[in-house]
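Residue numbers (the numbering used here), protein chains in the order written: chain P, 1 to 337; chain X, 1 to 337; chain Z, 1 to 337; chain U, 1 to 337.
Please note: incorrect hints may appear among the correct ones.
To be verified - Partial list, derived from the structure: chain P residues whose beta carbon lies under 7 angstroms from chain X: (1) 220; (2) 223; (3) 303; (4) 305.
Hints in this document: simulated from the structure, not taken from any laboratory.
For every residue, glycine included, the Cβ atom is placed at its ideal position computed from N, Cα and C.
There are 4 protein chains.
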Amino acid sequence: MIIVLKPECSKEQLISFKENLTNNYGVKVNTWEGVHSTVLGLIGDTTAIDIDYISAQDIVEDVRRVQEPYKKANRKFHPEDTVIELSNGTKIGDGSLVLMAGPCSVESSSQVCEIARSVKESGAHILRGGAFKPRTSPYAFQGLKAEGLDLLKQARRETGLPIVTEIMRTSHIDMFENVDIIQVGARNMQNFELLKELGKTNKPILLKRGLASTIEELLMSAEYIMAEGNDKVILCERGIRTYETYTRNTLDLSAVPILKSLSHLPVIVDPSHATGKSWLVESMSMAAVAAGADGLIIEVHNNPKCALCDGAQSLTPEQFDRVAKRVNGLKSYLTNN
Amino acid sequence: MIIVLKPECSKEQLISFKENLTNNYGVKVNTWEGVHSTVLGLIGDTTAIDIDYISAQDIVEDVRRVQEPYKKANRKFHPEDTVIELSNGTKIGDGSLVLMAGPCSVESSSQVCEIARSVKESGAHILRGGAFKPRTSPYAFQGLKAEGLDLLKQARRETGLPIVTEIMRTSHIDMFENVDIIQVGARNMQNFELLKELGKTNKPILLKRGLASTIEELLMSAEYIMAEGNDKVILCERGIRTYETYTRNTLDLSAVPILKSLSHLPVIVDPSHATGKSWLVESMSMAAVAAGADGLIIEVHNNPKCALCDGAQSLTPEQFDRVAKRVNGLKSYLTNN
Amino acid sequence: MIIVLKPECSKEQLISFKENLTNNYGVKVNTWEGVHSTVLGLIGDTTAIDIDYISAQDIVEDVRRVQEPYKKANRKFHPEDTVIELSNGTKIGDGSLVLMAGPCSVESSSQVCEIARSVKESGAHILRGGAFKPRTSPYAFQGLKAEGLDLLKQARRETGLPIVTEIMRTSHIDMFENVDIIQVGARNMQNFELLKELGKTNKPILLKRGLASTIEELLMSAEYIMAEGNDKVILCERGIRTYETYTRNTLDLSAVPILKSLSHLPVIVDPSHATGKSWLVESMSMAAVAAGADGLIIEVHNNPKCALCDGAQSLTPEQFDRVAKRVNGLKSYLTNN
Amino acid sequence: MIIVLKPECSKEQLISFKENLTNNYGVKVNTWEGVHSTVLGLIGDTTAIDIDYISAQDIVEDVRRVQEPYKKANRKFHPEDTVIELSNGTKIGDGSLVLMAGPCSVESSSQVCEIARSVKESGAHILRGGAFKPRTSPYAFQGLKAEGLDLLKQARRETGLPIVTEIMRTSHIDMFENVDIIQVGARNMQNFELLKELGKTNKPILLKRGLASTIEELLMSAEYIMAEGNDKVILCERGIRTYETYTRNTLDLSAVPILKSLSHLPVIVDPSHATGKSWLVESMSMAAVAAGADGLIIEVHNNPKCALCDGAQSLTPEQFDRVAKRVNGLKSYLTNN
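Let's have the full structure, built from the sequences with the hints guiding it.
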């Protein structure tokens with residue numbers, strides 16, 4: 001951390017400020033006194049230092065972090081890729097391409113089982129499906145809840161596909177005991193209480209980037225989970241909020257190589273929520289794979305026109321089959337070239 | 001709701017789609033058949049209709065809501081201003097200007113009591129202070145938690161000021177029983193599970209606009225609380241995330257007259273979090289009052305340089321005293337002119 | 001400017017980089033060698049240093065400007081407020097409130113003269129009106145062009161009001177010889193060629209903030225004009241582009257005190273374009289004055305329903321009269337309190 | 001265009017409004033009178049209708065365009081892909097992948113010729129290079145101007161590569177007579193006067209998306225050029241401005257399939273400016289090709305560390321060679337699968 005002091009900082013203020021830093025944070029402080037200003041360089045672990053605290057000092061002109069504020073999620077301290085293995089042997093982050101597919105909402109036994117069978121046949125590795133749904137309106141369908149979880153498990157029994165589904169409150173964690181991957185949605189990316197409790201489980205967590213979260217904030221939310229002891233975090237780029245209204249969100253594919261460079265965690269992409277339009281899912285899936293994503297999570301519905309939520313962005317099983325073939329082909333090409 | 005159909009929509013599809021709408025949503029459907037396209041107009045309560053469902057239909061070119069999707073928060077159905085009265089008689093939304101002030105975090109008994117006495121003397125009506133703090137980093141100070149709530153209550157006993165403080169999880173609601181106003185922070189504005197539970201209490205809720213939430217989404221989150229039976233919602237504009245980096249957020253003061261026009265709920269402004277810079281608080285407080293805000297929530301710290309969080313945006317008690325005098329003077333002027 | 005070098009930087013690389021900086025930019029370079037990294041501090045005029053050039057060096061970890069990159073627009077080097085005086089004695093930036101009002105587009109002699117008389121009576125100091133109109137669509141009305149300028153001058157003769165109108169290309173500068181204030185629209189804020197040419201005139205320039213420009217970029221565009229010798233720049237906040245769709249743009253009123261702190265130039269606010277809705281103009285005008293604006297530029301049309309552009313945001317003369325009275329009353333109150 | 005009228009609209013107002021629409025715009029107006037509201041549907045060419053004018057009417061509740069406001073750029077009216085052929089036979093938009101590469105700024109004869117030879121050898125089809133440079137600061141290097149154009153032409157003579165370079169003012173059009181493709185930069189995307197003049201030439205125009213422009217605005221700017229008679233427009237996605245600060249801009253790759261669906265014009269991607277970081281260029285180039293881009297424009301510098309602008313985002317010739325090989329391989333794979 002580099003701190004630039006104001007020209008008017010007195011010798012006494014300087015000494016007292018440096019003592020303060022050393023005593024409170026256990027860092028070593030190096031001083032560089034220039035002709036017009038003084039710069040401090042903090043050596044040691046600065047992740048616990050509150051940058052707001054530093055800025056609030058009268059004598060501080062500017063402060064800048066050099067070290068990233070996350071440790072456990074940081075590739076610098078963990079150079080190898082994290083590979084997450086599910087109970088059936090499916091691996092995420094090992095260089096292969098993992099396909100998660102399924103309906104936005106679980107609606108019925110026949111719906112979810114039919115979709116599960118179909119996406120499995122097309123090559124999906126994991127079944128996605130919402131039992132608890134975060135909806136902007138209290139009057140919109142909120143999911144089948146506990147019943148939805150049961151239906152997902154039924155589909156798992158029938159197909160062998162592991163399941164990923166979204167949690168919305170801490171008190172539900174027990175209910176998610178048998179889920180293979182627990183998803184934290186974009187709106188809960190900074191629900192820190194939920195993150196902390198999930199950090200105490202040993203479940204893989206699929207953490208979606210918040211609606212308008214920075215890449216660093218996403219990594220800090222991963223850090224919340226990891227700081228409690230759970231290292232199995234999968235990061236998910238799902239589009240960010242911008243002024244552009246043609247798409248539901250703006251898919252930020254540069255986040256894929258950036259996250260993979262800054263962190264060792266697997267990174268997947270959700271082209272369905274990112275664009276909100278089913279006809280864009282294929283091209284954005286291809287682009288995500290080319291950008292280096294470890295997987296895709298795609299909405300598939302056997303009857304998008306009757307989907308109880310997000311129908312506009314769901315693929316039909318036939319469309320998914322085509323996308324799966326194309327992304328797998330592309331992945332093979334990229335692996336061999 | 002207006003639905004524009006694609007030119008290729010057949011007579012049979014049209015009939016079936018209209019039946020579908022009537023049967024599922026209990027709305028009346030009027031049809032206007034033009035030369036090149038057909039437009040449907042839905043009459044009745046369309047708040048429960050999922051716009052995504054409509055868009056997903058093959059035959060739909062475009063769909064647009066005419067009616068707002070919120071009812072209980074909507075001024076059309078509740079023309080009079082909502083006035084929220086606290087147990088000590090303080091009123092919010094009655095045309096007066098309510099000042100909420102206090103430290104970002106409660107740090108100690110002496111700190112919070114000293115600040116409480118001071119802001120009360122300057123004319124504050126409500127003491128704010130964080131016991132549970134949502135922090136981007138798991139390594140940053142997370143608040144004194146239950147002890148912080150006790151210290152706030154102690155400050156209330158000493159000064160008579162009602163208290164407002166932030167809740168971060170549903171399981172804490174009991175602990176907040178004696179709090180006068182429960183705050184929902186920006187990061188939890190779409191924590192729908194928390195909103196629903198708060199809707200079952202009869203506590204006034206201070207609902208902050210999310211980091212990148214639209215005005216309509218803020219009203220929909222208020223609707224979540226109100227749909228469960230709790231009408232005591234105070235809306236709070238606290239800046240939105242934009243590309244501008246000079247300020248922490250961009251304060252959207254146009255939200256004040258807009259929210260007051262669309263809704264009957266009181267609207268307050270948080271200039272401290274909006275700007276992140278203490279020297280901007282005075283001018284933005286003045287502007288907020290001129291824009292028609294029902295109140296302000298301002299961070300005050302007896303020693304901003306040692307504040308454990310957000311020191312850079314906190315006023316000293318002396319600075320707050322000046323701001324309070326100026327905004328009260330302005331409010332009197334505006335009321336009489 | 002503070003440059004943090006990478007740990008792997010060798011002694012030779014360090015020496016050669018420092019020589020490079022000293023020779024190319026004439027700055028003095030101070031070195032602080034820490035245990036793990038080396039920091040350079042550049043003393044002298046760093047405004048001409050290209051931050052991209054520095055970042056591109058292999059050995060550079062991070063670089064940060066401490067000094068602002070603008071000089072002539074910088075209050076540090078010009079502490080007194082700039083006051084711009086028009087030929088009829090109207091002053092902008094002298095602590096008074098200047099009202100600029102008039103139609104979005106000049107449409108006819110009777111229209112512009114009628115509006116001019118009316119806004120003058122309500123207390124406007126300057127007549128605004130578009131002769132050349134930047135329109136998103138090539139098929140939309142593009143203004144009366146040269147004829148529009150003539151009509152504005154006619155209205156000036158009739159009322160004595162100075163005129164402000166927008167220029168769209170360098171080759172028109174001669175045509176604007178008799179205009180009192182030349183406006184550069186948001187879309188041309190970074191039309192650097194136009195800025196340079198305007199810098200060679202001695203006309204007051206009303207420089208609008210770009211659609212998505214930062215405060216620093218606005219000041220750099222002012223610097224372009226001033227670097228050529230023209231110090232008469234009026235800055236204008238007119239709303240920025242965000243994800244919020246309720247308003248045309250999001251009015252950033254915090255820009256007013258920030259610009260007035262960073263720069264000595266006058267700052268005015270355009271509530272009409274910022275909101276795009278006439279019913280929001282009054283409250284945002286009041287808020288702008290409370291925030292410290294030196295003036296307002298407001299669209300007024302004698303028949304907004306027939307306005308050839310931007311009717312939705314224009315006030316009627318009666319509405320403007322009310323706004324003018326209220327903002328002048330507020331300004332008097334603020335001056336005396 | 002669909003216009004929803006307010007419930008209070010009288011019969012007389014309705015009749016007069018409809019006449020107004022018919023007479024002014026030559027459109028046919030269909031009326032659908034519902035129980036609670038009346039909806040008008042406009043049939044015919046509504047591109048010239050100003051949506052602001054409609055919104056400004058007292059009796060209008062809401063208005064929505066169904067038809068896109070662009071015609072010549074619209075794929076609906078021009079289903080075949082536009083293919084632009086340069087004088088040396090290079091084609092853009094014919095299904096192949098066109099590579100444009102070269103330095104941000106032309107700096108010297110040896111620099112530009114060396115880079116040109118090198119990128120040609122790696123497979124580039126077109127040489128890019130800036131002679132006139134739009135820079136945020138008036139004190140930054142502004143390009144070699146006319147001399148830079150000469151050096152580009154010299155490089156073309158030596159290598160046979162057509163050249164693309166940016167124009168910044170209308171009065172320079174003659175000087176660009178011998179340039180193969182004229183680039184309009186992001187900051188000039190809505191410099192409508194420049195667009196109109198370029199529309200009168202028969203030069204291919206590379207039109208970059210503005211810093212914060214919507215997809216529709218980009219197409220409207222293309223329409224400005226095309227409305228004057230020049231159909232040779234190449235659209236370029238180069239990243240948009242968001243709150244994310246890790247990258248210079250946020251590359252919006254969904255714009256590629258969207259633009260290719262809405263329009264028949266070729267679409268290329270600039271990964272260098274989009275990310276601002278050379279190490280992201282390779283992955284984003286791959287993703288752009290997978291998303292369906294017709295070409296890439298990439299910054300290459302023989303000595304990025306000494307580049308006079310944008311060094312941080314330039315590739316070395318060796319890095320470009322690798323990128324070119326990879327994207328060409330990917331393109332072949334995609335064409336054959």
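Now the hints, each set against the structure:
{"no.": "1", "hint": "220", "verdict": "holds, 5 angstroms"}
{"no.": "2", "hint": "223", "verdict": "holds, 6 angstroms"}
{"no.": "3", "hint": "303", "verdict": "violated, 10 angstroms"}
{"no.": "4", "hint": "305", "verdict": "holds, 5 angstroms"}
In this structure, the one hint that does not hold is number 3.
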